[in-house]
Amino acid sequence: MSKTITIRKGLDIKLLGEAEKVKSGVEFADNFVIRTTDFHGLIPKLTVKAGDQVKAGSTIFLDKGRPEIRFASPVAGEITDIVRGEKRKILQINIKATAENAYEDFGVKDPSKLSKDEVKQQLLASGAWPFIKMRPIDIIANPADEPKAIFVSAFDSSPLAPDYDFIMHGEGAAFQAGITALSKLTSGKVHLTLNGNTTADVAFSNAKDCQINKINGKHPAGNVGTQIHHIDPINKGQVVWTVNAQDVAIIGRVFLTGKFQAERVIALAGSEVKNPKYYKMTIGSSLKKLLTGTINEGKVRIISGNVLTGDKITADSHIGYYHNQVTVIPEGDEPKFLITKGWMGPGLGKFSINRSYFSWLMPGKKYALDTNLNGERRNFVVTGELEKVFPFDIYPMQLIKSVMYKDLDLMEKLGIYEVAPEDFALCEFVCTSKIDIQDVIRKGLDEVYTECM
Amino acid sequence: MKAIEKMMRKMEPDHHGKWAKFHPVWDGFFTFLFTPGETTNKGAHIRDGIDLKRTMFMVIVALLPCLLFGIYNTGHWHYVAEKGDLNLPYWDMFGDKVIYGLIKVLPLVIVSYAVGLGVEFVFCIKNQHAIQEGYLVTGMLIPLIVPADVPLWMVAIAVVFAVVLAKEVFGGTGMNVVNVALTARAFLFFSYPTMMSGDKIWMSGLQNVASTPDGFSGATPLGELASMATNEPVHASIDAFQAKWTLMDSMIGSIPGSVGETSFIAIMIGAAFLLYTGIASWKVMFSFFAGGLAIGYLLNGVAVNPYLELDPIHHLMLGGFAFGAVFMVTDPVTAAQTSSGKYIYGFLAGAMAIVIRVLNPAFPEGVMMAILLLNVLAPLIDHYVIQSNIKRRMKRLKTVAQ
Chain D
1 MSKTITIRKG LDIKLLGEAE KVKSGVEFAD NFVIRTTDFH GLIPKLTVKA
51 GDQVKAGSTI FLDKGRPEIR FASPVAGEIT DIVRGEKRKI LQINIKATAE
101 NAYEDFGVKD PSKLSKDEVK QQLLASGAWP FIKMRPIDII ANPADEPKAI
151 FVSAFDSSPL APDYDFIMHG EGAAFQAGIT ALSKLTSGKV HLTLNGNTTA
201 DVAFSNAKDC QINKINGKHP AGNVGTQIHH IDPINKGQVV WTVNAQDVAI
251 IGRVFLTGKF QAERVIALAG SEVKNPKYYK MTIGSSLKKL LTGTINEGKV
301 RIISGNVLTG DKITADSHIG YYHNQVTVIP EGDEPKFLIT KGWMGPGLGK
351 FSINRSYFSW LMPGKKYALD TNLNGERRNF VVTGELEKVF PFDIYPMQLI
401 KSVMYKDLDL MEKLGIYEVA PEDFALCEFV CTSKIDIQDV IRKGLDEVYT
451 ECM
Chain E
1001 MKAIEKMMRK MEPDHHGKWA KFHPVWDGFF TFLFTPGETT NKGAHIRDGI
1051 DLKRTMFMVI VALLPCLLFG IYNTGHWHYV AEKGDLNLPY WDMFGDKVIY
1101 GLIKVLPLVI VSYAVGLGVE FVFCIKNQHA IQEGYLVTGM LIPLIVPADV
1151 PLWMVAIAVV FAVVLAKEVF GGTGMNVVNV ALTARAFLFF SYPTMMSGDK
1201 IWMSGLQNVA STPDGFSGAT PLGELASMAT NEPVHASIDA FQAKWTLMDS
1251 MIGSIPGSVG ETSFIAIMIG AAFLLYTGIA SWKVMFSFFA GGLAIGYLLN
1301 GVAVNPYLEL DPIHHLMLGG FAFGAVFMVT DPVTAAQTSS GKYIYGFLAG
1351 AMAIVIRVLN PAFPEGVMMA ILLLNVLAPL IDHYVIQSNI KRRMKRLKTV
1401 AQ
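From first to last, the protein sequence lines are chains D and E. Numbers 1 to 453, taken from our numbering, label the letters of the first sequence in order. Numbers 1001 to 1402, taken from our numbering, label the letters of the second sequence in order.
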């Protein structure tokens, strides 16, 4: 049964620099990087060494704890370098791509005719498995688990997020193949949740082998965590898997073509981007050429991902494994004098959920927010603000506090199994005391993982 | 701005130098003048424009109408006492009253801030913590909830007591169990009862007036009401009381009382500001009034003495009830933190305030005691609210298991 959900809590942060709906090409960059730090909690075990030749889809490293999970090279080329950090921890694998892409052949298969194990084998062998993440804990799914459902969100509601209806237009076949493949992996349903406020692209609305739900409301309506909570919440001992919509299409292509084609359309957005638009790009691709000349001079923050959950990167860095957008916003490292731009000022350029700054007079205004903390870290003082943007039947502040004092029993009771750090991104945004809430939740999940699972 | 920043940077103590210990003090001043350039590092890259300084600043702005009105009202009752004339027109001698009020109230504000912030600085140096903003509001609340005649040294001692024992020993701003300003008020009330209750203190300078005409009382309306539950009532009936102290007097605030608590209108301006900006919780505020009204009507029904017959609406406008509802009970640190807990907390506090008022003649005013009591009970209320959430989750798990 399809479900329609309306959430009343949440917040849409209106930012300048939304990507124009134009798909643009970018000059081929032969420099690719896979960062092992993109996969939380992973200890990589290399299967290649510097100088090896690889094809797109060749395994380059494994998860040491779960060696059946393989990570594939997104392109054909040569492994040029393996960058290590402290204690020789592998940080990233550099690949120099050849101009002509060559693919490993995993064989064209019809997912609807495969068994569960065959689907699993295809995904694990091709390196497409890491696209599947699990809740609780928010790490790569465990192939041995039996998920009670798989959730795919058909839209991203975060600030300046790419429009999936635009990106996925014409990708219906690959998306459908991916959904069919996923449906084999669970005894329950695949839930595809559409934005109730807009008309979804046919790639989504015509999808089969899944239950199509709708959700209305502000961000985080597009977060898969919100959708899980309202459609089929996770209880202790249960596992739910989630996959990003674009990654479903990559999975689908593994079956349709037998190749690991790790290509995505990403949005380059943000107030410091000159002509924000969409680009076609392979996972791990260098952003150097893309960002040359397209962003404003001066101090800027480049984020792989969105402004609420993304990673801070440099201009010559690479797009992250899971990211569908690159956002560029001003850096805010200048002190602000109290009565002009500081805490006593009118605050016309400051966005706030309450009306303590005069910016409330301009409800439709789009902001060029910078990375300033806008204050200092404090103890929790204000109550009730996190609840305004947290559409879960969970007490956010109490859960955060239980993580801070490491009470595993209480974390469990208060619902740690249902959340991922990204669900708390808005809480972190609105927090008057400027506490890094996502980081706290991440630590709590790690604690639960090592102690209870 | 650059010049000021440069000057401040010049004065910044070296982290390893002789004055390193005073870095938190410098930091306190610097972050007062400049929102620091500290940027986000992980998690959300952008943050809401509000910080604790802005929040506290908003509360201070909301308190300004009460402060200004309190200054004038202090002046008015001083001249009433001096002339021995209860019928002195309220808006006559405007300038004189303002000047007298300023002379009385400003020192209270200055002492409260100087002593309180001094204690905060000492603790910040000792613990090497950043200076937190909690005292900005507390420092303004304390002068508004004491009689204007209270000696400054008493205020100083009360502030030290409250800041140290109600706040710093628990870990500073955000960690306190009971409201700091009310702790200071309670300390004064119990340590120096002669200065904080009775008939002589509510009209500034009345103690120095050699003789007052017959029938002249310096009591607050609440003090006169409290006497009606005893054998020596000031008024024979509630009508006589309301003839002297009308509802309109309470609305405007032209009644004797603590500096900032008398004017219902001034308090409501502050309340509207706090609610509109979203700084204070309307749930607590609303349920505090609801609790007061509910118990007020209940007492009307069972009135055994004239006091119990007082109109509940009038009740809410007397004494510190409205002030407590808007500025005290809403303190987010000491109030209940859960959404439904806030309703229960506010309601019980409002009800308790009226109960203490009418049923205990030893305390003409019950708001302070009621809020302190509920501060202590707030974690318990939260506990039960959270337990119900936990039970809901457990139940869901059980239905799945079946």
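Worth flagging that the hints you see were computed from the coordinates, not collected in a lab. It is possible that some hints are incorrect.
[What the hints assert, rightly or not] Derived pair list, reagent style BS3-like, types lysine-lysine, alpha-carbon separation capped at 30 Å:
| hint | chain 1 | residue 1 | chain 2 | residue 2 |
| --- | --- | --- | --- | --- |
| 1 | D | Lys45 | D | Lys3 |
| 2 | D | Lys3 | E | Lys1395 |
| 3 | D | Lys9 | E | Lys1018 |
| 4 | D | Lys289 | D | Lys366 |
| 5 | D | Lys443 | E | Lys1002 |
| 6 | D | Lys218 | E | Lys1391 |
| 7 | E | Lys1398 | D | Lys214 |
| 8 | D | Lys388 | D | Lys9 |
| 9 | E | Lys1006 | D | Lys214 |
| 10 | D | Lys148 | E | Lys1002 |
Hint-by-hint comparison with the structure:
A threshold of 30 Å between alpha carbons decides the hint, and for Lys45(D) with Lys3(D) the separation of about 42 Å lies outside it, so the pair is violated. Under the criterion of a C-alpha separation no larger than 30 Å, the hint pairing Lys3(D) with Lys1395(E) is consistent with the structure, at around 22 Å. Taking the CA atoms of Lys9(D) and Lys1018(E), the gap is near 51 Å; set against the 30 Å cutoff, the hint is violated. This hinted pair checks out: Lys289(D) and Lys366(D) have alpha carbons roughly 28 Å apart, not beyond 30 Å.
About 40 Å separates the Cα atoms of Lys443(D) and Lys1002(E), which puts this hinted pair outside 30 Å; it is violated. With a C-alpha separation of about 28 Å, the suggested pair Lys218(D) and Lys1391(E) falls inside the 30 Å cut-off, and the hint holds. Of the supplied pair hints, the one linking Lys1398(E) and Lys214(D) holds, its CA atoms being roughly 27 Å apart against a limit of 30 Å. Under the criterion of a C-alpha separation no larger than 30 Å, the hint pairing Lys388(D) with Lys9(D) is consistent with the structure, at around 6 Å.
Annotation: proposed proximity of Lys1006(E) to Lys214(D) is violated, straight-line Cα distance about 56 Å (limit 30 Å). Our distance criterion of 30 Å between C-alpha atoms is broken by Lys148(D) and Lys1002(E), whose separation comes to about 60 Å.
Hint compliance for this structure: hints 1, 3, 5, 9, 10 are broken, all remaining hints hold.
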